[in-house]
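Colleague: Chains as they are written, first to last, in this note's numbering: chain Z, 1 to 116; chain P, 1 to 115.
Treat the hints as calculated values from the structure; they're not laboratory data. Just so it is clear, the structure is predicted and the values come from calculations on it, not from any experiment. Here a beta-carbon is modelled for each residue, glycine too, at the ideal position from N, C-alpha and C. A few of these clues could be false.
The following residues of chain Z were derived to be distant from chain P, with all beta-carbon distances above 10 angstroms [stated by the list, open to error]:
hint: 1; residue: Glu15
hint: 2; residue: Lys49
hint: 3; residue: Gly62
hint: 4; residue: Ala87
hint: 5; residue: Lys103
hint: 6; residue: Thr105
Below, a sample of chain Z positions facing chain P; criterion: calculated Cβ distance under 7 angstroms [to be verified]:
hint: 7; residue: Pro40
hint: 8; residue: Gln42
hint: 9; residue: Leu44
hint: 10; residue: Gly53
hint: 11; residue: Phe63
hint: 12; residue: Ala86
hint: 13; residue: Phe90
hint: 14; residue: Asn102
hint: 15; residue: Gly109
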Amino acid sequence: AQSVTQPDIHITVSEGASLELRCNYSYGATPYLFWYVQSPGQGLQLLLKYFSGDTLVQGIKGFEAEFKRSQSSFNLRKPSVHWSDAAEYFCAVGRMIKAAGNKLTFGGGTRVLVKP
Amino acid sequence: DTGVSQNPRHKITKRGQNVTFRCDPISEHNRLYWYRQTLGQGPEFLTYFQNEAQLEKSRLLSDRFSAERPKGSFSTLEIQRTEQGDSAMYLCASSLSGASTDTQYFGPGTRLTVL
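Chain Z on its own, in the form it takes in the complex (with noise of 0.2 angstroms):
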């Protein structure tokens, strides 16, 4: 069975300084995995996504990921946070089964706050 861990609840930085996201995924074969934000109210918007190829994924808003299999981590990475990158950020786990649909299992999210 796939699993995702996000081990920080809540993380709170300055507008300006670096963030990193941490997440931990569990599964038997080569993950789909991805990261998506989401602000209050609303649905989920997809930052990037990593299948294969190069282990740095770039996505929207400035946001990176570094897949590391030995760790089996893809944390999500900012250099510089904005005060509208104050959000929830999971991250998803899907299975590579084309013919089956790629059901996603998520971590229970980290909430960032952004200070001024």
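Knowing the structure of chain Z, use the given hints to seat chain P on it.
Modeller: What follows is chain P alone, placed relative to chain Z:
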């Protein structure tokens, strides 16, 4: 392309009533997923359609829940005899099979409150 839409955005109902939610996927997407998200948690998979066929259901989907996608376009999720534990955000996502990652795009969700 207007993205995934869901209606209604909010629904307040009394325990024991039936409710129905609608999801309109991105027009060319043949796969459609329903997830449920309770407060402070990540979304949990409920069910999945490829075209009009419902191919997988979670154990979370009790017999009070039913989902349809009659023409392979929009989908409805009905909850019968609602309970307070059904209060949650119900999210719909769509994707295109055959694309390299089957990436899911989410709608804004329907927030259900059962009184």
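Colleague: Compare the structure with each hint and give your call.
Modeller: Hint by hint, here is what the structure shows:
no.	hint	verdict
1	Glu15	holds (25 angstroms)
2	Lys49	violated (6 angstroms)
3	Gly62	holds (20 angstroms)
4	Ala87	holds (14 angstroms)
5	Lys103	violated (5 angstroms)
6	Thr105	violated (7 angstroms)
7	Pro40	violated (11 angstroms)
8	Gln42	holds (6 angstroms)
9	Leu44	holds (4 angstroms)
10	Gly53	violated (10 angstroms)
11	Phe63	violated (16 angstroms)
12	Ala86	violated (16 angstroms)
13	Phe90	holds (5 angstroms)
14	Asn102	holds (4 angstroms)
15	Gly109	holds (5 angstroms)
In this structure, the earlier hints numbered 2, 5, 6, 7, 10, 11, 12 are contradicted, and the remaining ones agree with it.
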